[in-house]
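*Asks:* Below are the chains, spelled out letter by letter.
Protein chains: 2
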Amino acid sequence: MATIKAWAVFKPNGELQPFEYELPPLGAEEVEVKVEYCGICHTDLGFIANEGANIIPIPYPLVPGHEITGTIVAMGPIAAQKGLSIGQKVGVGWMKSSCGHCDPCLNGEQNLCINGQATIMGNYGGWAERVRVHWIWTIPLPEGLDIRDAGPLMCAGITVFAPLMELDISPTSHIGVIGIGGLGHLALQFAAEWGAKVTAFTNNPAKTEEIKKLGASTVIAGNDAKEWDSLKGTFDLIIVTAAAHLDWDKIMQLLAPNGKLHILGILYEPIPISVIFLTLGQRSLSSSLVGSRGVMDKMLRFAARHGIKPITEHFPMSKVNEAIRKLESGKAAYRVVLDADF
Amino acid sequence: MATIKAWAVFKPNGELQPFEYELPPLGAEEVEVKVEYCGICHTDLGFIANEGANIIPIPYPLVPGHEITGTIVAMGPIAAQKGLSIGQKVGVGWMKSSCGHCDPCLNGEQNLCINGQATIMGNYGGWAERVRVHWIWTIPLPEGLDIRDAGPLMCAGITVFAPLMELDISPTSHIGVIGIGGLGHLALQFAAEWGAKVTAFTNNPAKTEEIKKLGASTVIAGNDAKEWDSLKGTFDLIIVTAAAHLDWDKIMQLLAPNGKLHILGILYEPIPISVIFLTLGQRSLSSSLVGSRGVMDKMLRFAARHGIKPITEHFPMSKVNEAIRKLESGKAAYRVVLDADF
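Chains as they are written, first to last, in my numbering: chain A, 626 to 967; chain B, 626 to 967.
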């Protein structure tokens, strides 16, 4: 039995504390990855705060972390036959395992596996020396991606990329991105390289120039009625990354006929939806969580080919509490990455 | 100038009264149709009641009626070049005209025309001797459809059929239909002939056998927790035709991964949507209004080929007030059709 060092919270909103746990023998389909870097996602913070306790109860101690990059250090006998090798650089995201035999798995939608397990739900995540993961969710990093900053692609990246594929978004589309943070700054880059016309919505006018460099041709910073009116009925897709209380009626009216409003990020509270605005333009409201293994690979190759990368700020993992405080102050870069230093 | 006899309401919730109006010269792209039959749709009743006054204000006098079948009696010079002929049997539905040159029109989605006009919005509808309609919305009735009962296909029929095409619903799907009335009883027939497994939800257990004959293999009549639980996660599409206050969280959890909840009928009040249930299964909420001209033709041919037809009860148009009272009492057949008797 190997002892693993990790950082855990022991109660809702607790500080991260050193934590050790024992690993059982490695499963036949499992891969053991030495964690080198791990991003901090808002879902980690939501789990630490136990925000959705009535829907997703969090067992403590909780070891967060699901934007992992690192090195394969061990493989079970089945995993060893799946094209992976010891020493290979890989990423691990939200999904820890999928069953392979349910309907979604058999259809290549392993992220929708009805028996699937998440890296940090009932399992110890990536703010640790090592993690164990099913071989199918052990994702080889393609040539050209920097292992230091690829972690956030494994969750934030796939989350904003998958809707472009799943919703059949054409490069001729007009795409809006509401909320330019960890997810949003990647959504802008993916949407622009997708070939789309991109408009960003932010509540921080100071970031306008920076946001344009990320790929937005237009930046709406605020609630100017004229600006909003001029955009009515023009968006084929609006990606909402800010799970805040928004004026949903106003946003839906920005959609073109057949337009899609896609909400990302975990939103536990019901929101009021005026169906009439969906009806009149044959529009839809949808949401999703990460993406399938096939889409994950496509996303990483697309990012490598187009030079899409998270804008990050690094902290040693031992300074995780400090990192979270900076993130919560709103003063950190788009994504914070922890460098494992056990 | 021709004088047209019609039935109109002059104030919200008014009785229908005889009304006459003058027609201007026929437009070049217009077709004049002698009304023989016209269905009563819930949207007619909603307009009579001025239900959505803050979103769609109704100008009075209002001549309702948009489930029309009849005969072409005149055509403008452009309309006359579009394959139609005097004396031809045709149908007219929700759409009176579309511009032909906006984005949706150019893409064959004329029902989403941004300059489109509806048959009963600012125009006098089909509870009248004659109506005028753009040639593109003058729909030839295919061989095998009974003109007496084809009217409800022009609105209720296309409304439930179009989502099967627009949402790319496979015949391998499990389709649920909530609310088995004017729209629902057609949705069951279309879904069953589509090849899908069909489950109906009704609050009227007495109709169970009748509903099975319409194509449902399972009928859920009530709120039995075990029955509902057994259906969790199994529907690829749920069509909601009852615009009542439903338990949306419970309904969304019936959807399979990638499942679609499609709401039909006009719903002015916002409904509370728990986005988390969309997120976890990559599901969507959508809505639509009728369908394009191309889909309209496909629907009519599909209905004729499969013997799909509305179950109707006929009243002379002069008894329209009586017909509405019977409809509102819940004792009428699935669809009421008025026979023009001016």
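What the hints contain is simulated information worked out from the structure, not anything from laboratory work. Using N, Cα and C, we set each Cβ at its ideal position, and we do this for glycine too. Incorrect hints may appear among the rest.
[Said to hold, decoys possible] One side of the interface only, derived from the structure: several residues of chain A facing chain B at Cβ under 7 Å:
(1) Ile703
(2) Gly741
(3) Ile896
(4) Ile898
[As the list claims (entries may be wrong)] Listed next, with one range per pair, are the computed distances between beta-carbon atoms:
(5) A/Arg930 with B/Gly769: 51 to 57 Å
(6) B/Glu768 with A/Lys875: 47 to 53 Å
(7) B/Pro637 with A/His726: 56 to 62 Å
(8) A/Gly858 with B/Ile772: 36 to 42 Å
(9) A/Asp849 with B/Leu709: 45 to 51 Å
(10) A/Gly858 with B/Glu894: 21 to 27 Å
(11) A/Lys851 with B/Glu894: 26 to 32 Å
(12) B/Glu834 with A/His726: 34 to 40 Å
(13) A/Glu852 with B/Glu894: 35 to 41 Å
(14) A/Thr859 with B/Thr628: 42 to 48 Å
(15) B/Tyr646 with A/Thr859: 48 to 54 Å
(16) A/Thr859 with B/Gly652: 27 to 33 Å
*Asks:* Give a verdict on every hint.
*Replies:* Tested hints:
no., hint, result
1, Ile703, "25 Å, violated"
2, Gly741, "10 Å, violated"
3, Ile896, "6 Å, holds"
4, Ile898, "5 Å, holds"
5, A/Arg930 with B/Gly769: 51 to 57 Å, "54 Å, holds"
6, B/Glu768 with A/Lys875: 47 to 53 Å, "48 Å, holds"
7, B/Pro637 with A/His726: 56 to 62 Å, "58 Å, holds"
8, A/Gly858 with B/Ile772: 36 to 42 Å, "38 Å, holds"
9, A/Asp849 with B/Leu709: 45 to 51 Å, "49 Å, holds"
10, A/Gly858 with B/Glu894: 21 to 27 Å, "23 Å, holds"
11, A/Lys851 with B/Glu894: 26 to 32 Å, "29 Å, holds"
12, B/Glu834 with A/His726: 34 to 40 Å, "38 Å, holds"
13, A/Glu852 with B/Glu894: 35 to 41 Å, "29 Å, violated"
14, A/Thr859 with B/Thr628: 42 to 48 Å, "44 Å, holds"
15, B/Tyr646 with A/Thr859: 48 to 54 Å, "38 Å, violated"
16, A/Thr859 with B/Gly652: 27 to 33 Å, "30 Å, holds"
Of the hints listed earlier, those the structure fails to meet are numbers 1, 2, 13, 15, in rising order.
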